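Protein sequence lines correspond, in order, to chains A and B. Mapping the first sequence onto UniProt numbering, position 82 (from 1) lands on 82, and the numbers just tick up by one. Mapping the second sequence onto UniProt numbering, position 84 (from 1) lands on 84, and the numbers just tick up by one.
Worth flagging that the hints you see were computed from the coordinates, not collected in a lab. There could be a bad hint or two in this list.
Just so you have them, the derived chain B footprint on chain A, three or more residues with Cβ under 8 Å [unchecked claim]:
no., segment
1, 107-118
2, 200-213
3, 221-229
Note that the structure is a prediction, hence the values are computed from the model and not measured. Glycine is no exception: its CB is placed at the ideal position from the N, C-alpha and C atoms.
Spelled out from the first residue to the last, the chains are:
There are 2 protein chains.
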Amino acid sequence: MSLVVVGSMAFDALETPFGKTDKIVGGAATYISLSSSYFVKPVNVVSVVGGDFDQSHVELMHQRGISTEGMQVKENEKSFFWSGRYFNDMNSRETLVTELNVLGDFDPIIPDSYQGCEYLMLGNLAPQVQKTVIERLRNRPKLIVMDTMNFWMDIALDELKETIKLIDVLSINDEEARQLSGEYSLVKAAKKIMAMGPKFLIIKKGEHGALLFNEEKVFFAPALPLEEVFDPTGAGDTFAGGFIGYLASSGDISFESMKRAVIYGSAMASFCVEKFGTERLKNLTQEEIDGRVRQFVNLVAFDTVLQ
Amino acid sequence: MSLVVVGSMAFDALETPFGKTDKIVGGAATYISLSSSYFVKPVNVVSVVGGDFDQSHVELMHQRGISTEGMQVKENEKSFFWSGRYFNDMNSRETLVTELNVLGDFDPIIPDSYQGCEYLMLGNLAPQVQKTVIERLRNRPKLIVMDTMNFWMDIALDELKETIKLIDVLSINDEEARQLSGEYSLVKAAKKIMAMGPKFLIIKKGEHGALLFNEEKVFFAPALPLEEVFDPTGAGDTFAGGFIGYLASSGDISFESMKRAVIYGSAMASFCVEKFGTERLKNLTQEEIDGRVRQFVNLVAFDTVLQ
Chain A
1 MSLVVVGSMA
11 FDALETPFGK
21 TDKIVGGAAT
31 YISLSSSYFV
41 KPVNVVSVVG
51 GDFDQSHVEL
61 MHQRGISTEG
71 MQVKENEKSF
81 FWSGRYFNDM
91 NSRETLVTEL
101 NVLGDFDPII
111 PDSYQGCEYL
121 MLGNLAPQVQ
131 KTVIERLRNR
141 PKLIVMDTMN
151 FWMDIALDEL
161 KETIKLIDVL
171 SINDEEARQL
181 SGEYSLVKAA
191 KKIMAMGPKF
201 LIIKKGEHGA
211 LLFNEEKVFF
221 APALPLEEVF
231 DPTGAGDTFA
241 GGFIGYLASS
251 GDISFESMKR
261 AVIYGSAMAS
271 FCVEKFGTER
281 LKNLTQEEID
291 GRVRQFVNLV
301 AFDTVLQ
Chain B
1 MSLVVVGSMA
11 FDALETPFGK
21 TDKIVGGAAT
31 YISLSSSYFV
41 KPVNVVSVVG
51 GDFDQSHVEL
61 MHQRGISTEG
71 MQVKENEKSF
81 FWSGRYFNDM
91 NSRETLVTEL
101 NVLGDFDPII
111 PDSYQGCEYL
121 MLGNLAPQVQ
131 KTVIERLRNR
141 PKLIVMDTMN
151 FWMDIALDEL
161 KETIKLIDVL
171 SINDEEARQL
181 SGEYSLVKAA
191 KKIMAMGPKF
201 LIIKKGEHGA
211 LLFNEEKVFF
221 APALPLEEVF
231 DPTGAGDTFA
241 GGFIGYLASS
251 GDISFESMKR
261 AVIYGSAMAS
271 FCVEKFGTER
281 LKNLTQEEID
291 GRVRQFVNLV
301 AFDTVLQ
């Protein structure tokens, strides 16, 4: 049940209608590894940071059973930095600053201790880098889940299509599914995207929940109706971490198990948005997670009169 | 279990990305009564049409057990006419023509045979007209459900607030809930709106499903992921018809029963959008409706590992 997580570790500076932050720790691998650490240990991170990265955050990761042996530290360079501002509806945002820094020439290293991992989570990165990670694993993992973004559809579509041929589960949002497929209907989009390689597709719809498809079936998980979404940064990565973490802990990669994994991912994401950055993901209890999953169960539960 | 349905009966001319229609029969009372007729008989319609209305449609309603005794016919006037065009995403539309015609001075008449009805569905109309209907019923129905639109929030907010004080369930879409409450969060919006009178609130989110609130609980019903939405006209009214029709047939107006009613309403709406106008609502079978409800059950069903 070993898990390897690949992605950025970064600084983010955020503005939401509720306030703004200085540089705080963010990045796909940060959110994914924290979220999955509530389900499986060790979580093995492959990433790259600069000499400026926050050492106390790395210690927190270690305390949560996350290995950073595959995290390269480039002492004389700076960590990836992203700054963005959310609009009032919290569903749209604008990027203010993107500084690639160490991510610009990221050449992922897989420590020997990570070899033989059964579960691989490819967080949002250049598709060529994601592919390199797959190639550098000596045995193909039992399950490869991949997240990506419209950015790569715009500038590296061919490489993206090469990479998604190699994976099992693709996780993207609704607009990205439409862009990748050229179909407005998500049902049609799902068919076209699965024909590109992945046997499973997750379409994230933010506050409107998430859809899980395989060739024959579809499952829908709502998002919890929340009073406040404080900061949506990292919600998709936190979802992915809960999703693959649950699968790795259960060892069951059937469609039925993936449904439960989508619910656990949604529950983790619902915590993430309650505070700025990773704050809410640092000290969750099993009771809190189980309680949140129960809220999902109750949200959609009804008895039918059908036999 | 008698049901009275109030609303427009009209001609619509529609343009969607899939084609356009000449004048076809539409209107809130048309969709609501057809949809509810699959659950309860008689459905008693209160409406007004001109001498130009389609008599064959009235005969279809009679065949489906719908009474039109409360439908006034103004022989020398014209029926309400609405023309609109849907954009590619089918979630937004523009109004091309609105001709109020007979609806301009609609003074609803409640036939004696309708008195004593237990269920009242107030379809979208001027709030003052909706209020008049309540006042003209000698006994207050067991359950009053009301639909309205942003149009009335813009031009008749005070009358709207007076009317919603008198009802049990308000059914509006997400943008209307935000406009009426001044809150972006739907959870906060729901609290404010229920404080205005209704004990229950339904927030319709189109392709993203519907939320049902009471003071303490929330229930979420997804919309079916469909390959094609052919024509969304009347989907909200069809939902309302299935909702109140199911409640009237069961006689149970508890929150648990309303959850099932939301699922039946969603199932009926999923048929409505498959063809232009009321076409798909004319000849459904019980097997088709039950099959559709089963799809909703399966869409959200998962087993948890929680005890």
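* To do: Go through the numbered hints given earlier and state which of them the structure violates, listing their numbers in rising order.
  => When the structure is compared with the hints, only number 1 turns out to be violated.
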